[in-house]
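Chemist: Counting in my numbering, the final residue of the sequence shown is number 291, and the numbers go up one at a time with none missing.
In short, the hints are calculated from the structure, not lab data.
Being a predicted model, the structure only gives us computed values, none of them experimental.
Even glycine gets a Cβ: it sits at the ideal position worked out from N, Cα and C.
Be aware that a few hints might be false.
[Unchecked claim] Pairs of lysine to any residue, SDA-like flavour, derived with a Cα cap of 20 Å:
#	residue 1	residue 2
1	Lys224	Asp258
2	Lys96	Tyr254
3	Lys96	Glu269
4	Lys247	Asn289
5	Lys247	Phe266
6	Lys7	Glu79
7	Lys165	Cys194
8	Lys270	Asn101
9	Lys76	Tyr88
10	Lys143	Asn52
11	Lys76	Thr159
[Claimed, not checked] Here are the computed distance ranges between Cβ atoms for each label pair:
#	residue 1	residue 2	range
12	Ser40	Glu108	18 to 26 Å
13	Asn104	Ser6	37 to 45 Å
14	Ile135	Gly51	18 to 26 Å
15	Ser40	Lys288	13 to 21 Å
16	Ser170	Ser41	41 to 49 Å
17	Glu147	Glu223	27 to 35 Å
18	Ser41	Asn289	12 to 20 Å
19	Asp258	Arg72	50 to 58 Å
20	Gly51	Gln140	15 to 23 Å
21	Glu147	Lys71	13 to 21 Å
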Amino acid sequence: MKPTWSKFEQLDIPKFTPADFCETLDGGQSFRWYETEASSSLEPEYIGAFGNVASILKLSKNGKVLCAVHKRGTEKLVEEYLDGKRDYFAMRKSLKKIGDNIMNRALEVYPTLRILRQPSDETIICFICSSSKRIVQIKQCVKLLSENFGEEIVDGIFTLPTFQKLAKLSVDDIKKCKLGFRASYLKKTAEKICADNFNPEQLRIMPYKDGKKYLTSLSGIGEKVADCILLFGAGKMDAFPVDTWIKKAMSELYQTPDNPDKIRKFASEKFGTHAGFAQQLIFATKRKNLL
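I would like the entire structure built from these sequences, with the hints used as guidance.
Modeler: This is the structure we're talking about:
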(Lines of atoms letter the chains of each structure in order from A; the text may use other names.)
(Lines give C-alpha, C1' and ligand atoms only; values in the text may rest on other atoms or scores of the structure.)
Protein backbone atom coordinates (compact mmCIF):
# COMPACT_ATOMS: atom_id res chain seq x y z
CA MET A 1 0.00 0.00 0.00
CA LYS A 2 1.32 3.43 -0.92
CA PRO A 3 1.89 5.85 1.95
CA THR A 4 -0.82 8.39 2.63
CA TRP A 5 0.61 11.88 2.66
CA SER A 6 -1.14 15.02 3.77
CA LYS A 7 -1.94 17.68 1.22
CA PHE A 8 0.86 20.16 0.58
CA GLU A 9 0.68 23.13 2.91
CA GLN A 10 2.75 26.30 2.88
CA LEU A 11 5.17 26.57 5.79
CA ASP A 12 5.49 29.75 7.80
CA ILE A 13 9.15 30.39 7.02
CA PRO A 14 10.98 32.86 4.74
CA LYS A 15 11.35 32.22 1.02
CA PHE A 16 14.16 30.32 -0.67
CA THR A 17 15.67 30.62 -4.12
CA PRO A 18 15.69 27.21 -5.89
CA ALA A 19 19.50 26.97 -5.68
CA ASP A 20 19.51 27.80 -1.95
CA PHE A 21 16.70 25.32 -1.24
CA CYS A 22 18.68 22.52 -2.91
CA GLU A 23 21.95 23.52 -1.29
CA THR A 24 20.36 23.66 2.17
CA LEU A 25 18.78 20.21 1.92
CA ASP A 26 21.33 18.41 -0.22
CA GLY A 27 24.64 20.28 0.00
CA GLY A 28 26.40 18.38 2.76
CA GLN A 29 24.56 19.51 5.88
CA SER A 30 22.22 16.51 5.87
CA PHE A 31 22.38 13.19 4.03
CA ARG A 32 18.75 12.14 4.29
CA TRP A 33 17.04 14.00 1.43
CA TYR A 34 16.46 12.77 -2.13
CA GLU A 35 15.06 14.55 -5.16
CA THR A 36 11.74 13.15 -6.34
CA GLU A 37 10.73 12.47 -9.95
CA ALA A 38 8.52 15.55 -9.79
CA SER A 39 11.48 17.82 -9.01
CA SER A 40 12.57 20.49 -11.47
CA SER A 41 15.19 23.23 -11.50
CA LEU A 42 12.61 25.95 -10.80
CA GLU A 43 10.40 23.92 -8.45
CA PRO A 44 12.70 21.43 -6.70
CA GLU A 45 11.11 18.69 -4.60
CA TYR A 46 12.70 16.36 -2.03
CA ILE A 47 11.57 13.45 0.09
CA GLY A 48 13.30 12.58 3.33
CA ALA A 49 13.15 12.27 7.08
CA PHE A 50 14.60 13.50 10.36
CA GLY A 51 13.91 11.91 13.72
CA ASN A 52 10.62 10.09 13.27
CA VAL A 53 9.19 12.66 10.86
CA ALA A 54 8.91 11.88 7.15
CA SER A 55 8.16 14.70 4.74
CA ILE A 56 8.02 15.79 1.13
CA LEU A 57 9.29 19.34 0.65
CA LYS A 58 8.93 21.35 -2.52
CA LEU A 59 9.46 24.94 -3.51
CA SER A 60 6.65 26.87 -5.11
CA LYS A 61 7.18 29.27 -8.00
CA ASN A 62 7.10 32.19 -5.57
CA GLY A 63 9.82 30.68 -3.37
CA LYS A 64 7.69 29.46 -0.47
CA VAL A 65 8.24 25.98 0.96
CA LEU A 66 5.34 23.57 0.61
CA CYS A 67 5.24 20.53 2.87
CA ALA A 68 3.42 17.20 2.88
CA VAL A 69 3.85 14.97 5.94
CA HIS A 70 3.07 11.37 6.83
CA LYS A 71 1.48 12.44 10.10
CA ARG A 72 -0.61 15.58 10.54
CA GLY A 73 0.66 17.93 13.19
CA THR A 74 4.33 17.46 12.38
CA GLU A 75 4.46 20.48 10.06
CA LYS A 76 5.71 22.68 12.90
CA LEU A 77 8.56 20.25 13.46
CA VAL A 78 9.50 20.67 9.80
CA GLU A 79 9.51 24.46 10.22
CA GLU A 80 11.86 24.08 13.19
CA TYR A 81 14.06 21.68 11.23
CA LEU A 82 14.41 24.31 8.49
CA ASP A 83 15.39 26.81 11.20
CA GLY A 84 12.49 28.99 10.17
CA LYS A 85 12.49 31.26 13.23
CA ARG A 86 16.15 32.31 13.20
CA ASP A 87 16.83 35.88 12.06
CA TYR A 88 19.05 35.26 9.03
CA PHE A 89 18.51 38.83 7.87
CA ALA A 90 20.34 40.06 10.96
CA MET A 91 23.17 37.56 10.45
CA ARG A 92 23.59 38.57 6.82
CA LYS A 93 23.54 42.24 7.75
CA SER A 94 26.26 41.62 10.33
CA LEU A 95 28.43 39.73 7.81
CA LYS A 96 27.96 42.50 5.22
CA LYS A 97 29.16 45.10 7.71
CA ILE A 98 32.57 43.41 7.69
CA GLY A 99 33.10 44.88 4.22
CA ASP A 100 34.71 41.72 2.84
CA ASN A 101 34.28 41.37 -0.93
CA ILE A 102 34.56 37.58 -0.81
CA MET A 103 31.83 37.22 1.80
CA ASN A 104 29.64 39.78 0.03
CA ARG A 105 29.94 37.70 -3.15
CA ALA A 106 28.94 34.51 -1.27
CA LEU A 107 25.97 36.31 0.28
CA GLU A 108 24.94 37.45 -3.19
CA VAL A 109 25.22 33.96 -4.72
CA TYR A 110 23.26 32.31 -1.90
CA PRO A 111 20.88 35.01 -0.61
CA THR A 112 18.53 32.63 1.22
CA LEU A 113 20.79 29.76 2.35
CA ARG A 114 19.98 28.39 5.81
CA ILE A 115 21.53 26.04 8.38
CA LEU A 116 19.34 23.03 9.16
CA ARG A 117 18.34 22.40 12.77
CA GLN A 118 18.91 18.64 12.79
CA PRO A 119 18.60 16.14 15.65
CA SER A 120 22.00 15.99 17.34
CA ASP A 121 22.09 12.19 17.46
CA GLU A 122 21.58 12.01 13.69
CA THR A 123 24.44 14.38 12.99
CA ILE A 124 26.76 12.31 15.19
CA ILE A 125 25.89 9.17 13.22
CA CYS A 126 25.95 10.82 9.79
CA PHE A 127 29.22 12.69 10.22
CA ILE A 128 31.03 9.64 11.57
CA CYS A 129 29.93 8.04 8.27
CA SER A 130 31.26 11.05 6.35
CA SER A 131 34.98 10.51 6.91
CA SER A 132 36.83 10.43 3.55
CA LYS A 133 33.61 9.98 1.59
CA ARG A 134 31.72 12.00 -1.01
CA ILE A 135 28.14 13.13 -0.36
CA VAL A 136 26.61 10.44 -2.58
CA GLN A 137 28.55 7.73 -0.70
CA ILE A 138 27.61 9.12 2.71
CA LYS A 139 23.95 9.14 1.71
CA GLN A 140 24.24 5.49 0.68
CA CYS A 141 25.72 4.51 4.07
CA VAL A 142 23.09 6.48 5.99
CA LYS A 143 20.28 4.97 3.91
CA LEU A 144 21.54 1.43 4.53
CA LEU A 145 21.86 2.07 8.26
CA SER A 146 18.29 3.31 8.45
CA GLU A 147 16.84 0.52 6.30
CA ASN A 148 18.69 -2.25 8.15
CA PHE A 149 18.53 -1.04 11.73
CA GLY A 150 16.01 1.78 11.97
CA GLU A 151 12.22 1.74 12.38
CA GLU A 152 9.91 2.25 9.42
CA ILE A 153 8.14 5.61 9.56
CA VAL A 154 6.16 5.21 6.39
CA ASP A 155 6.54 2.88 3.43
CA GLY A 156 10.22 2.91 2.37
CA ILE A 157 11.33 5.63 4.80
CA PHE A 158 13.06 4.72 8.06
CA THR A 159 14.47 6.36 11.16
CA LEU A 160 18.16 6.10 11.88
CA PRO A 161 19.00 3.48 14.52
CA THR A 162 19.31 4.58 18.13
CA PHE A 163 22.65 4.48 19.91
CA GLN A 164 21.21 1.71 22.08
CA LYS A 165 20.57 -0.36 18.96
CA LEU A 166 23.97 0.41 17.43
CA ALA A 167 25.77 -0.50 20.66
CA LYS A 168 24.28 -4.00 20.54
CA LEU A 169 25.23 -4.65 16.91
CA SER A 170 28.46 -6.32 15.86
CA VAL A 171 31.04 -4.38 13.85
CA ASP A 172 30.46 -6.82 11.00
CA ASP A 173 26.74 -6.04 11.02
CA ILE A 174 27.46 -2.34 10.73
CA LYS A 175 30.09 -2.93 8.03
CA LYS A 176 27.35 -4.33 5.80
CA CYS A 177 26.18 -0.74 5.41
CA LYS A 178 29.38 0.08 3.49
CA LEU A 179 30.99 1.87 6.43
CA GLY A 180 34.32 0.05 6.32
CA PHE A 181 36.64 1.16 9.14
CA ARG A 182 33.99 3.65 10.29
CA ALA A 183 31.84 0.75 11.57
CA SER A 184 34.02 0.25 14.65
CA TYR A 185 34.00 4.03 15.30
CA LEU A 186 30.20 4.09 15.20
CA LYS A 187 29.84 1.11 17.54
CA LYS A 188 32.38 2.44 20.07
CA THR A 189 30.75 5.88 20.02
CA ALA A 190 27.31 4.34 20.57
CA GLU A 191 28.65 2.28 23.46
CA LYS A 192 30.23 5.32 25.15
CA ILE A 193 27.17 7.53 24.72
CA CYS A 194 25.03 4.78 26.27
CA ALA A 195 27.53 4.17 29.09
CA ASP A 196 27.66 7.91 29.82
CA ASN A 197 23.87 8.15 29.65
CA PHE A 198 24.49 11.19 27.47
CA ASN A 199 21.62 12.84 25.61
CA PRO A 200 23.07 14.42 22.43
CA GLU A 201 20.44 17.17 22.58
CA GLN A 202 22.41 18.51 25.58
CA LEU A 203 24.91 19.79 23.01
CA ARG A 204 22.48 22.60 22.22
CA ILE A 205 22.78 24.08 25.70
CA MET A 206 26.40 23.17 26.42
CA PRO A 207 29.05 25.84 25.79
CA TYR A 208 30.81 25.32 22.46
CA LYS A 209 34.12 24.30 24.05
CA ASP A 210 32.47 21.79 26.40
CA GLY A 211 30.46 20.25 23.59
CA LYS A 212 33.52 19.93 21.42
CA LYS A 213 35.53 18.38 24.25
CA TYR A 214 32.90 15.69 24.75
CA LEU A 215 32.48 14.98 21.04
CA THR A 216 36.21 14.61 20.43
CA SER A 217 36.33 12.06 23.26
CA LEU A 218 34.16 9.81 21.09
CA SER A 219 35.57 7.34 18.61
CA GLY A 220 35.90 8.59 15.02
CA ILE A 221 35.24 12.23 15.88
CA GLY A 222 38.03 14.73 15.36
CA GLU A 223 37.95 18.52 15.30
CA LYS A 224 36.30 18.82 11.89
CA VAL A 225 33.56 16.26 12.50
CA ALA A 226 32.89 17.72 15.96
CA ASP A 227 32.42 21.18 14.43
CA CYS A 228 30.04 19.76 11.79
CA ILE A 229 27.95 18.16 14.55
CA LEU A 230 27.96 21.35 16.60
CA LEU A 231 27.00 23.53 13.64
CA PHE A 232 24.45 21.32 11.89
CA GLY A 233 23.13 19.41 14.89
CA ALA A 234 23.44 21.78 17.84
CA GLY A 235 22.98 25.20 16.23
CA LYS A 236 26.40 26.49 17.28
CA MET A 237 26.91 29.24 14.73
CA ASP A 238 30.43 29.89 16.00
CA ALA A 239 31.58 26.39 14.95
CA PHE A 240 33.75 26.53 11.82
CA PRO A 241 34.34 23.04 10.32
CA VAL A 242 37.64 22.83 8.41
CA ASP A 243 37.68 20.04 5.83
CA THR A 244 39.78 19.71 2.67
CA TRP A 245 37.42 21.99 0.72
CA ILE A 246 37.46 24.75 3.31
CA LYS A 247 41.21 24.49 3.89
CA LYS A 248 41.81 24.97 0.16
CA ALA A 249 39.21 27.73 -0.14
CA MET A 250 40.53 29.71 2.82
CA SER A 251 44.09 29.38 1.55
CA GLU A 252 43.14 30.63 -1.92
CA LEU A 253 40.74 33.35 -0.79
CA TYR A 254 42.34 34.61 2.41
CA GLN A 255 45.90 33.23 2.22
CA THR A 256 45.45 31.45 5.56
CA PRO A 257 48.12 28.95 6.70
CA ASP A 258 47.62 25.24 6.01
CA ASN A 259 46.62 24.67 9.62
CA PRO A 260 43.03 24.01 10.79
CA ASP A 261 43.55 25.65 14.20
CA LYS A 262 44.85 28.84 12.60
CA ILE A 263 42.05 28.81 10.03
CA ARG A 264 39.42 28.50 12.79
CA LYS A 265 41.10 31.33 14.73
CA PHE A 266 41.13 33.51 11.60
CA ALA A 267 37.45 32.78 10.93
CA SER A 268 36.46 33.48 14.52
CA GLU A 269 38.24 36.84 14.48
CA LYS A 270 36.88 37.81 11.06
CA PHE A 271 33.30 36.50 11.19
CA GLY A 272 32.69 36.38 14.93
CA THR A 273 29.64 34.56 16.24
CA HIS A 274 28.42 33.93 12.67
CA ALA A 275 31.56 32.04 11.60
CA GLY A 276 29.65 28.80 11.03
CA PHE A 277 27.15 30.44 8.71
CA ALA A 278 30.04 32.14 6.89
CA GLN A 279 31.71 28.74 6.51
CA GLN A 280 28.67 27.24 4.82
CA LEU A 281 28.38 30.22 2.45
CA ILE A 282 32.06 29.92 1.48
CA PHE A 283 31.81 26.13 1.20
CA ALA A 284 28.75 26.24 -1.07
CA THR A 285 30.00 29.06 -3.29
CA LYS A 286 33.54 27.77 -3.71
CA ARG A 287 32.38 24.18 -4.34
CA LYS A 288 30.31 25.47 -7.28
CA ASN A 289 33.29 27.50 -8.54
CA LEU A 290 31.40 30.74 -8.02
CA LEU A 291 34.13 32.46 -5.99
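Chemist: Does the hinted range 37 to 45 Å hold for Asn104 and Ser6 at CB?
Modeler: holds (40 Å)
Chemist: Given the hint that Lys76 pairs with Tyr88, test it: the Cα-Cα distance must not exceed 20 Å.
Modeler: holds (19 Å)
Chemist: Would the hint linking Lys96 and Glu269 be met if the CA-CA limit is 20 Å?
Modeler: holds (15 Å)
Chemist: Between Ser40 and Lys288, is the Cβ distance one that fits in 13 to 21 Å?
Modeler: With a Cβ separation near 19 Å, Ser40 and Lys288 satisfy 13 to 21 Å, so the hint holds.
Chemist: Need the status of pair Lys7, Glu79: alpha-carbon distance at most 20 Å?
Modeler: Satisfied, since the Cα-Cα distance of roughly 16 Å is no more than 20 Å.
Chemist: Could you tell me whether the CB distance from Ser40 to Glu108 stays inside 18 to 26 Å?
Modeler: holds (24 Å)
Chemist: Decide if the proposed pair is consistent with the structure: Lys96 and Tyr254, CA atoms, cutoff 20 Å inclusive.
Modeler: holds (17 Å)
Chemist: Compare the distance between the alpha carbons of Lys76 and Thr159 with 20 Å, and conclude whether the hinted pair is satisfied.
Modeler: holds (19 Å)
Chemist: Has the given pair, Lys143 with Asn52, been kept, meaning a C-alpha gap of at most 20 Å?
Modeler: holds (14 Å)
Chemist: Does Asn101 lie within 20 Å of Lys270 when you go C-alpha to C-alpha?
Modeler: holds (13 Å)
Chemist: Could you see if the CB distance from Glu147 to Lys71 stays within 13 to 21 Å?
Modeler: With Cβ atoms ~20 Å apart, the hint holds.
Chemist: Please test the hint of 27 to 35 Å on the beta carbon pair from Glu147 and Glu223.
Modeler: holds (31 Å)
When held up to the earlier numbered hints, the structure conflicts with none and fits them all.
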